[in-house]
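Protein sequences, first through last, are from chains A and B. Going by the working numbering, the first sequence opens with residue 77, and the numbers climb by one from there. Going by the working numbering, the second sequence opens with residue 572, and the numbers climb by one from there.
Calculated from the structure, these hints are not laboratory results. Just so you know, even glycine gets a beta-carbon here, dropped at the ideal spot from N, CA and C. Don't take each hint at face value.
[Said to hold, decoys possible] Incomplete in silico selection of chain B near chain A, CB under 8 Å:
hint: 1; residue: S595
hint: 2; residue: P615
hint: 3; residue: K639
hint: 4; residue: K640
hint: 5; residue: T668
[Unchecked claim] Far from chain B, some chain A residues (derived; all Cβ distances over 10 Å):
hint: 6; residue: E77
hint: 7; residue: G134
hint: 8; residue: N153
hint: 9; residue: A156
hint: 10; residue: P179
hint: 11; residue: L186
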Amino acid sequence: EAGVTQSPTHLIKTRGQQATLRCSPISGHTSVYWYQQALGLGLQFLLWYDEGEERNRGNFPPRFSGRQFPNYSSELNVNALELEDSALYLCASSWGDTQYFGPGTRLTVL
Amino acid sequence: EDQVTQSPEALRLQEGESSSLNCSYTVSGLRGLFWYRQDPGKGPEFLFTLYSAGEEKEKERLKATLTKKESFLHITAPKPEDSATYLCAVQDYGGATNKLIFGTGTLLAVQP
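So here's chain B without its partners, still in its complex pose (with noise of 0.2 Å):
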């Protein structure tokens, strides 16, 4: 079965202090792994999308990187505002289905 496990579940940072959160998945056969970051009460917003093992995508302070097992979410020099919970998803080729099946995410709190 499909599954998807994030650590650690509450981070807490100092504004600057570089961290990574972890994605360990299994899936039958990938077909994306997503990033999305979500804030209190709102629907997520869509962060990266990586199909392959050895993929690297960056956004500002944000960067994600895939292996055959997991992805983890690098956050250089955080600021106050990157404070939210960050939720992974996966993609899985098997069966008739486009459903993400997520983990149950990262809460981050960065601190000025």
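Bound-form chain A, shown alone (with noise of 0.2 Å):
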């Protein structure tokens, strides 16, 4: 069974641009979540989606913003990059209560 994916891998932006990453969960899961991971910190919860909705957002600014598809993919946008934002940002999807990762993808801000 594929696991979660997640694209691209790499990402590099200057301040000021914008980011779109792209998740596709596991078959049959219909919740996703997104998480940053900054260097030496933990992962903070940024935004849950479930059956199309967001269903509840963490502590991150309105310029983190993102959707789910009807196929249940999901994508995460980042306007005004700040360098602030560079991190691992991970895709998690679940059906019951065990959320499972995706290999994150690596946004850089220079």
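Take the two lone chains and join them into the complex the hints point to.
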């Protein structure tokens, strides 16, 4: 069974630009979660989507947004990039309580 | 406020030297406690889910236990390939959220 997939693997942007990250959940999973893991910090919850709706968001500014498509895949958009947005962005999917993570997208903001 | 604290921050073991990692937590109502393994630059790999005090789960050289205030990840006769960061996370019943609250992890190095 295929796991959670994310693209791209790496993304390099400059300050002020926009970044789009993509995630495909495990087949049958309807919930998708986004987390940020900055260097030296723990995983921080960003967003939760279920059945196409945003269900909850963490303590991040509105320039972090996303959506979930009818096939349950998801997109995370980060507008007006700042240097401190450089991090590993992890997507996870679940059907029950357990969340399964993808390999992540490494975003570097120069 | 929900909080997860892991100790030690780093642990160095010799191959075959058993030890335990600790995860203490504060939540209003525990829905589940999760252990993950993370290799450098990769996503966390799911290990265990524990739901109630007294519960134990095992997988190869790893055994996770849960009390009302903490969880332990016991590593028996570790091998170099067990070297990784081990993350603990909790999920709270309170609020309309499924989010996981993570500790900062224990970096385990197993030397041959």
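Run through the hints listed earlier and report the numbers of any the structure violates, in increasing order. Going through the list in order, the structure violates hints 1, 3, 4, 7 and 10 and respects the others.
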